[in-house]
Amino acid sequence: MILPYSFYSRNDVVLIAREMIGKVLVSRFDGKTTSGVIYETEAYNGIVDKASHAFGGRRSPRTEIMYRDGGTAYVYLCYGVHSLFNVVTNKEDIPHAVLVRAVRPLDNMKLMLERAGKSRFEKKTGDGPGKVSALLGIHYSHTGMSLLCIPSNLKHDGIWIEDREIIVPDHAIAALPRIGVQYAGKDAKLPYRFRTELL
DNA sequence: CATAGGATCGCCT
DNA sequence: GGCGATCCTATGT
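Heads up: the first sequence runs through residues 1 to 199, numbered per my numbering.
Warning: the hint list may mix true and false statements.
Here are the simulated lysine-lysine pairs, DSBU-like style, with alpha carbons at most 30 Å apart [as the list claims (entries may be wrong)]: (1) K189 / K91; (2) K50 / K118; (3) K124 / K32; (4) K186 / K50; (5) K189 / K110; (6) K50 / K189; (7) K110 / K123; (8) K110 / K32; (9) K32 / K118.
Treat the hints as calculated values from the structure; they're not laboratory data.
Let the sequences and hints guide you as you build the complete structure.
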């Protein structure tokens, strides 16, 4: 089942980030589908979250995407090198987002290896938000795409997330501080990162 | 217009 | 554990 608007539009971004563990991130570009099982995410809790790009209600051409309705892709360039993929959650004008930090490669390993410039898979191949985008072919120019409009035409591009009923028990999901947000002061310590070692 | 810095990665030691 | 790559974005003049 493709995750519907009702999954993304809820107001608890931390819960959504936790529930995204075990879901399958899918992309289709040039008619070629690739996917991976999500095993690490981070929640960014809108205008009250110092670690969020939208902290304090800041708006800019880049962060404007975060104020869109739930189910929109927010992809931005980090360190001039890496595209980082997030899903916007909640309703329009509430800039919540979930960063996908790691996936276990699933469909079309060959193409994903090629994209990552690797010759074989290792445990860490999809571990890291920059690597997630590299494997799936997601680029910062894809920011603003809807994850709810699934292309029926196989030649059409699209990104979406599926529930393939992969069960990850609650006790197997660790809640940890987020990575790389030391500038966020007190908010840097919030347990908004979710990760499982089961997948 | 100029500038500093970033929700990272891979390679080096 | 340290560092350079690399370029967009935000901010300030």
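Checked hints:
Annotation: proposed proximity of K189 to K91 holds, straight-line Cα distance about 26 Å (limit 30 Å). This hinted pair does not check out: K50 and K118 have alpha carbons roughly 36 Å apart, beyond 30 Å. Straight-line distance between C-alpha atoms of K124 and K32 comes to about 23 Å, which keeps the hinted pair within the 30 Å bound. Of the pairs offered as hints, the one joining K186 and K50 holds, with about 8 Å between alpha carbons and a cut-off of 30 Å not exceeded.
A distance of roughly 38 Å separates the Cα atoms of K189 and K110; the hinted pair therefore is violated under the 30 Å criterion. A threshold of 30 Å between alpha carbons decides the hint, and for K50 with K189 the separation of about 11 Å falls inside it, so the pair holds. A hinted pair counts as satisfied when its Cα atoms are at most 30 Å apart, and K110 with K123 qualifies at roughly 16 Å. Of the supplied pair hints, the one linking K110 and K32 holds, its CA atoms being roughly 11 Å apart against a limit of 30 Å.
Taken as a hint, the K32 and K118 pair is honoured in the structure, with Cα atoms around 19 Å apart against an allowance of 30 Å.
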